[in-house]
Amino acid sequence: AQSVTQPDIHITVSEGASLELRCNYSYGATPYLFWYVQSPGQGLQLLLKYFSGDTLVQGIKGFEAEFKRSQSSFNLRKPSVHWSDAAEYFCAVGTGNQFYFGTGTSLTVIP
Amino acid sequence: DAMVIQNPRYQVTQFGKPVTLSCSQTLNHNVMYWYQQKSSQAPKLLFHYYDKDFNNEADTPDNFQSRRPNTSFCFLDIRSPGLGDAAMYLCATSRDLGFLDHEQYFGPGTRLTVT
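Protein sequences appear in the order of chains X and F.
Mapping of the first sequence onto the numbering used here: residues 1 to 111, in sequence order.
Mapping of the second sequence onto the numbering used here: residues 1 to 115, in sequence order.
Hints listed in this document are in silico derivations from the structure and should not be mistaken for laboratory results.
One or more hints might be untrue.
To be verified - With a cut-off of at most 27 Å between alpha-carbon atoms, the simulated DSSO-like pairs for lysine-lysine come out as follows:
#1 68(X) to 44(F)
#2 68(X) to 49(X)
#3 49(X) to 44(F)
Said to hold, decoys possible - To spell it out: a stretch of chain F is covered by chain X in this simulated footprint if at least three of its residues, at any positions, have a beta carbon under 8 Å from a beta carbon of chain X; those stretches are:
#4 33-42
#5 102-110
The beta-carbon is built from N, C-alpha and C at its ideal position, and this holds for glycine as well.
The task is simple: from the sequences and hints, build the whole structure.
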């Protein structure tokens, strides 16, 4: 069965520091991969998605993610974090009409 | 210019008392989804409507029902809420099925408390 793992429940970074959020998936073939962000009191917003092609994907708000087949990973990165990036981040995997979210990583940004 | 609206944002109900959560959309999308998100867990798809066609996930309890009277509105009915049904309920829409090509747009969610 497909699954998505986000090993870090909570991460704290300083404003201006770089960020990497981890995501690992389990699926027999190449899945379709997504990152969503959920700000407090808001719905989920799509940051970026990977279907095929270039393994480095650019998203909104300065985020990027890299698909690594050998590691079954799709980690989210940002070179310089802003205070407004504090939120919950969800990785998700999709196959056909099935869609699975990870349990999320909560990001705190300190001044 | 809210696109997916959920009302109320916070709902308290009593054990066993039926409750209805509401979702509306201004996007004119064909598909509407309901997800359940328990504390510190991933959102879990309960069911979706493609136009008027209802599609239930295999493991969604019978206690959960849904109605879609028109394109814009979709309701989640919990017939006899138990303490385990306390969660955030997320509504989402997409233009068509096949989320690979059709992004899901999420509402802010309704947090349900069962006392």
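Results for each hint:
With a C-alpha separation of about 26 Å, the suggested pair residue 68(X) and residue 44(F) falls inside the 27 Å cut-off, and the hint holds. With a CA separation close to 14 Å, the supplied pair residue 68(X) and residue 49(X) stays within the 27 Å bound. Annotation: proposed proximity of residue 49(X) to residue 44(F) holds, straight-line Cα distance about 19 Å (limit 27 Å). With 3 residues having a beta carbon nearer than 8 Å to a beta carbon of chain X, the segment 33-42 of chain F meets the requirement of three or more and the stated coverage holds.
Counting residues of the segment 102-110 of chain F whose CB lies closer than 8 Å to any CB of chain X gives 7, so the stated coverage by that chain holds, three being the minimum.
Checked against the numbered hints given earlier, this structure breaks none of them.
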